[in-house]
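S.K.: I would like the entire structure built from these sequences, with the hints used as guidance.
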Amino acid sequence: DAGVIQSPRHEVTEMGQEVTLRCKPISGHNSLFWYRQTMMRGLELLIYFNNNVPIDDSGMPEDRFSAKMPNASFSTLKIQPSEPRDSAVYFCASSLGGTSGGPSTDTQYFGPGTRLTVL
Amino acid sequence: AQSVTQPDIHITVSEGASLELRCNYSYGATPYLFWYVQSPGQGLQLLLKYFSGDTLVQGIKGFEAEFKRSQSSFNLRKPSVHWSDAAEYFCAVGTNAGKSTFGDGTTLTVKP
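Residue numbers (this note's numbering), protein chains in the order written: chain P, 1 to 119; chain S, 1001 to 1112.
These are computed hints drawn from the structure, not numbers from a lab.
The C-beta atom is built at its ideal place from N, Cα and C for all residues, glycine as well.
Be aware that a few hints might be false.
[What the hints assert, rightly or not] Cβ-Cβ distance ranges computed for the label pairs, FRET-style: (1) Ser-1003(S) with Val-12(P): 33 to 39 Å; (2) Asp-57(P) with His-1082(S): 36 to 42 Å; (3) Asn-71(P) with Glu-1066(S): 38 to 44 Å; (4) Thr-76(P) with Gln-1045(S): 21 to 27 Å; (5) Leu-1046(S) with Arg-22(P): 21 to 27 Å; (6) Ala-1001(S) with Phe-74(P): 28 to 34 Å; (7) Met-15(P) with Ser-1072(S): 42 to 48 Å; (8) Lys-1111(S) with Glu-18(P): 43 to 49 Å; (9) Ser-58(P) with His-1082(S): 37 to 43 Å; (10) Gly-1016(S) with Ser-87(P): 34 to 40 Å; (11) Lys-68(P) with Gly-1016(S): 29 to 35 Å.
[Unchecked claim] Every beta carbon over 12 Å from chain P, so not counted as near; a handful from chain S, in silico: (12) Ala-1017; (13) Glu-1020; (14) Ser-1070; (15) Asn-1075; (16) Asp-1085; (17) Thr-1109.
[Claimed, not checked] Residues from chain S that face chain P, not an exhaustive set, calculated with beta carbons under 8 Å: (18) Thr-1030; (19) Tyr-1032; (20) Trp-1083; (21) Phe-1090; (22) Gly-1094; (23) Asn-1096; (24) Gly-1098; (25) Lys-1099; (26) Ser-1100; (27) Asp-1104; (28) Gly-1105.
M.R.: So, in structure tokens, the structure goes:
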């Protein structure tokens, strides 16, 4: 398997622009997670899906952020409008989704991340 | 809600020396415990995990971790560190009730 695929790997944009990050989870995985990593705040869970349904979006910073999972093989994280404080590395991860319990009980497989810079 | 504490932000060890990275968790029941490693510019990769059973868990790259319920700890160890082990290490807790929680990470530097 190719692992979790994220695109783009790097994104540089100007403040106010819309940014869309994409993720393809591992085939057969039922849970998908979006994380943000910064030096100041570390690794933060933004939102996670189970069977394409958003389960917990309490980590989404504000209404400028939205995430969708239209099918089992694709998810997007959108920021509109973007701000300089959104600059970070955004990771997508997938897991089998609770074979032993809830979605957080399985190993998460991380993508390589998207480094976002908002000028 | 669960929480994870990694008391050491940065650790430096000499190549060939032993290593122990600390992780303490807070949760009312036995959690699912994980150690992940992140090399520069890459995503996180699982080193090992504990769900139940033997409290000493073996992982990849020669790492092991021991679950101690009485101390609410899940420390990561390696008997002899290699230069390629330099990375950031994250402890994580998962529960049946919901989402997982990651610690703030420990950065490991290996001196030649």
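S.K.: If a hint holds in the structure, say so; if it does not, say that too.
M.R.: Tested hints:
1. For Ser-1003(S) paired with Val-12(P), a C-beta distance near 35 Å keeps the hint of 33 to 39 Å intact.
2. The given range of 36 to 42 Å is respected by Asp-57(P) and His-1082(S), whose C-beta atoms sit roughly 40 Å from each other.
3. Asn-71(P) and Glu-1066(S) have their C-beta atoms about 41 Å apart, which keeps the hinted 38 to 44 Å range intact.
4. The hinted range of 21 to 27 Å is satisfied by Thr-76(P) and Gln-1045(S), whose Cβ atoms lie roughly 24 Å apart.
5. Leu-1046(S) and Arg-22(P) have their C-beta atoms about 23 Å apart, which keeps the hinted 21 to 27 Å range intact.
6. For the hinted restraint 28 to 34 Å between Ala-1001(S) and Phe-74(P), the CB-CB distance of approximately 30 Å keeps it satisfied.
7. For the pair Met-15(P) and Ser-1072(S), the beta carbons lie near 44 Å from each other, so the given range of 42 to 48 Å is met.
8. Checking the proposed 43 to 49 Å range against Lys-1111(S) and Glu-18(P) shows it holds: the Cβ atoms sit about 46 Å from each other.
9. Hint check: Ser-58(P) to His-1082(S), Cβ distance near 39 Å, so the stated range 37 to 43 Å holds.
10. The given range of 34 to 40 Å is respected by Gly-1016(S) and Ser-87(P), whose C-beta atoms sit roughly 39 Å from each other.
11. For Lys-68(P) and Gly-1016(S), the Cβ-Cβ distance of about 49 Å falls outside the hinted range of 29 to 35 Å, so the restraint is violated.
12. Here Ala-1017(S) stays apart from chain P, with its beta-carbon at least about 27 Å from theirs, past the 12 Å limit.
13. The Cβ of Glu-1020(S) lies farther than 12 Å from every Cβ of chain P, with a closest approach of about 21 Å, so its non-interface assignment holds.
14. Listed as outside the interface, Ser-1070(S) is consistent with that label: its C-beta sits roughly 23 Å from the nearest C-beta of chain P, beyond the 12 Å cut-off.
15. Every CB of chain P is more than 12 Å from the CB of Asn-1075(S) (nearest about 20 Å), matching its label as outside the interface.
16. Under the 12 Å C-beta cut-off, the non-interface status given to Asp-1085(S) relative to chain P holds; the minimum distance is some 18 Å.
17. A cut-off of 12 Å between C-beta atoms confirms that Thr-1109(S) is not in contact with chain P; the least separation is 17 Å.
18. Interface hint at Thr-1030(S): violated, since its Cβ lies 11 Å from the closest Cβ of chain P, which is beyond the 8 Å cut-off.
19. At about 5 Å, the closest approach between the beta carbon of Tyr-1032(S) and any beta carbon in chain P falls short of 8 Å, and the interface hint on this residue holds.
20. Below 8 Å, beta-carbon pairs count as interface contacts, and Trp-1083(S) has none with chain P, the closest being about 22 Å; its hint is therefore violated.
21. A cut of 8 Å between beta carbons decides the hint on Phe-1090(S): the least distance to chain P is about 7 Å, and the hint holds.
22. Taking 8 Å as the C-beta contact cut-off toward chain P, the hint placing Gly-1094(S) at the interface holds, the least distance being around 3 Å.
23. The closest approach between the C-beta of Asn-1096(S) and any C-beta of chain P is roughly 4 Å, which is under the 8 Å cut-off, so the hint is satisfied.
24. Because the closest C-beta pair between Gly-1098(S) and chain P is about 6 Å apart, less than 8 Å, the hint holds.
25. Contact between Lys-1099(S) and chain P, as hinted, is supported at the beta carbon level, the nearest pair being about 5 Å apart and thus within 8 Å.
26. The interface hint given for Ser-1100(S) holds, since its Cβ lies 4 Å from the closest Cβ of chain P, which is under the 8 Å cut-off.
27. Against a cut-off of 8 Å between C-beta atoms, the interface hint on Asp-1104(S) holds, since the closest Cβ of chain P lies about 5 Å away.
28. Among the interface hints, the one on Gly-1105(S) holds; its C-beta lies about 6 Å from the nearest C-beta in chain P, closer than the 8 Å criterion.
Comparing the model with each numbered hint stated earlier shows that hints 11, 18 and 20 do not hold.
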